[in-house]
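Chemist: For reference, the chains in residue letters:
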Amino acid sequence: MPPSDNSYLESVSSLYVNHHRWLSVWLQRRLGCPATAADFAHDVYARLLQRRRELPTDGQRPYLATIARGLLVDHWRRKELEQAWLDTLAHCEPDWLPCPESRLLILETLAWIDEALGQLKPRVRDAFLMAQLDGLRVSDIAAAMGVSVATIERDLARALLSCHACLEAA
Amino acid sequence: MKFSSETLEEAVNWLVCMAYGQPTPAQMKHFDAWLKASVLNQQAWAEVSALKGRMDSLPALLSKQALTAAQERRRTSRRRVLGTLALLGGSAAIGLPLLNQLNGWEVSNLAATHVTRKGEQQKVILADGTQLLLNTNTAIRTVESSQQLRIELIRGELLVDASKRRSAGGLQASSVHGDLYTKSAYFVLRELRTYTRLSVKNGLVEARPRWSATPRSCAAGEVVCFDTAGFVDPLASTIQDDAFAQGLVSGQHMQLTHLLAELARYKTGLLDWDESLAGLTVTGSFHVNDVNSTLEFLAQMLPLSITYLTPYWVRVKKSEEI
Numbered sequence: 001m002p003p004s005d006n007s008y009l010e011s012v013s014s015l016y017v018n019h020h021r022w023l024s025v026w027l028q029r030r031l032g033c034p035a036t037a038a039d040f041a042h043d044v045y046a047r048l049l050q051r052r053r054e055l056p057t058d059g060q061r062p063y064l065a066t067i068a069r070g071l072l073v074d075h076w077r078r079k080e081l082e083q084a085w086l087d088t089l090a091h092c093e094p095d096w097l098p099c100p101e102s103r104l105l106i107l108e109t110l111a112w113i114d115e116a117l118g119q120l121k122p123r124v125r126d127a128f129l130m131a132q133l134d135g136l137r138v139s140d141i142a143a144a145m146g147v148s149v150a151t152i153e154r155d156l157a158r159a160l161l162s163c164h165a166c167l168e169a170a
Numbered sequence: 171m172k173f174s175s176e177t178l179e180e181a182v183n184w185l186v187c188m189a190y191g192q193p194t195p196a197q198m199k200h201f202d203a204w205l206k207a208s209v210l211n212q213q214a215w216a217e218v219s220a221l222k223g224r225m226d227s228l229p230a231l232l233s234k235q236a237l238t239a240a241q242e243r244r245r246t247s248r249r250r251v252l253g254t255l256a257l258l259g260g261s262a263a264i265g266l267p268l269l270n271q272l273n274g275w276e277v278s279n280l281a282a283t284h285v286t287r288k289g290e291q292q293k294v295i296l297a298d299g300t301q302l303l304l305n306t307n308t309a310i311r312t313v314e315s316s317q318q319l320r321i322e323l324i325r326g327e328l329l330v331d332a333s334k335r336r337s338a339g340g341l342q343a344s345s346v347h348g349d350l351y352t353k354s355a356y357f358v359l360r361e362l363r364t365y366t367r368l369s370v371k372n373g374l375v376e377a378r379p380r381w382s383a384t385p386r387s388c389a390a391g392e393v394v395c396f397d398t399a400g401f402v403d404p405l406a407s408t409i410q411d412d413a414f415a416q417g418l419v420s421g422q423h424m425q426l427t428h429l430l431a432e433l434a435r436y437k438t439g440l441l442d443w444d445e446s447l448a449g450l451t452v453t454g455s456f457h458v459n460d461v462n463s464t465l466e467f468l469a470q471m472l473p474l475s476i477t478y479l480t481p482y483w484v485r486v487k488k489s490e491e492i
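These protein sequence lines are chains A and B, in that order.
Numbered according to my numbering, the first sequence spans residues 1 to 170.
Numbered according to my numbering, the second sequence spans residues 171 to 492.
Bear in mind the hints are in silico, worked out from the structure with no lab data behind them.
Hints may be right or wrong, so weigh each one.
[Claimed, not checked] Taking lysine-lysine and the DSS-like style, the derived pairs with C-alpha atoms no more than 25 Å apart in a straight line are:
(1) K437(B) <-> K353(B)
(2) K199(B) <-> K222(B)
(3) K79(A) <-> K288(B)
(4) K437(B) <-> K487(B)
(5) K222(B) <-> K121(A)
(6) K293(B) <-> K222(B)
Sequences and hints are given; from them, build the entire structure.
Modeler: If you want it as structure tokens, here you go:
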């Protein structure tokens, strides 16, 4: 292993040794459950190891907290979507229920679309849902929203690029 | 070598043109030329096509329900958290623990002023004389001012009797799909995740879907359905939409599966059935306050077998016996 990677690993190790316990407690206050907090704390360090980052020499706890916050937001977002999906299944007419094997795959696809949509402005998001899920034509969406066709085409392109980016990152 | 981000953008723009629009012959020729021009273009196109393919594999209606429901939960929770922070004169540091306590049901209830659980109904009389009846599993938010009355239907079904209002101001009722305006009508509003259903019993109600420029005036006897984009065809149903005020689900020649779907709304636990019931119809009025008894009653009229898998999980099938 090249020396530079080794020193990065050492830096992450020292962050772990010095702050892992503090981070677990910080997370536990927000999650309520010690086991989940421990999992999350590990995820924070796993994230650091996934990609080489510029680690701070001081302010290390706020730095770790920022990463942890990001993971928490993703986690709650994902939980909200799962709950919404379960609700949808519960209210679904039995004829329309997807088979159990499909349900998980659908949820995964929905999760990255949901994440992508979260980064978009309301009009862009709505235009995308209308186009992709309602199957409306671009001209109809433009008419419904009172904007030009070119605007809707730009909106859809933006939404698709966001979906692509989220899929890449998943 | 992977294609550049410019190439990705070109591919996405082509996808919008080809898959979401109506490409002209000239555009199709242009696309063909772009595709042939470079193997990187082809790679980018393959990638965005695969993306589209994956999204196309989603069940449209269910996906839309789930995505909009998740969105709505977040809007409501953010509003609530900000409100609480203001009350506590608070700092951002306490925002996260509050979010932690909110699961799905609680989140969409917090903005509500009136809530019913499954099987519960609630009558409300507002200051201006408007009478409301919340049906099962419903949450609303009322905002009263001297200028107008606003009612937000967060979830469920609501009967609004504004015929005896003492106020000169207007009444606005909203769901996630759009807004309704009236002075003194009598109507039933129901939120069905992917669309909202309005049934006017008396008076005049103007309906404006969220994104539509054209509102529609609805008079007594009219039923309209709309989603954010506009008006949609109401699904044919012989079920009487205001029978719940008498604690009943009523109708002529109702599909049994539709009746069961309605009864399931009032029952805590799970009520399910299978396709063996397809085609069975039933006429009459059925009580909602004790769904299990109603099911037993139905089993006397129709060849049904009712199984209690657990005290809260009932399954209805067509009976095998002759």
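Chemist: Evaluate each hint against the coordinates.
Modeler: We went through each hint and held it up to the structure:
Straight-line distance between C-alpha atoms of K437(B) and K353(B) comes to about 35 Å, which puts the hinted pair past the 25 Å bound. Proposed proximity of K199(B) and K222(B) is supported: the alpha carbons are some 21 Å apart, at most 25 Å. Distance hint between K79(A) and K288(B) is fulfilled; the C-alpha atoms sit about 23 Å from each other, no more than 25 Å. This hinted pair checks out: K437(B) and K487(B) have alpha carbons roughly 18 Å apart, not beyond 25 Å.
For the suggested pair K222(B) and K121(A), the alpha carbons sit about 21 Å apart, so the restraint of at most 25 Å is met. Pair hint K293(B) plus K222(B) does not hold up; C-alpha atoms about 48 Å apart against a cutoff of 25 Å.
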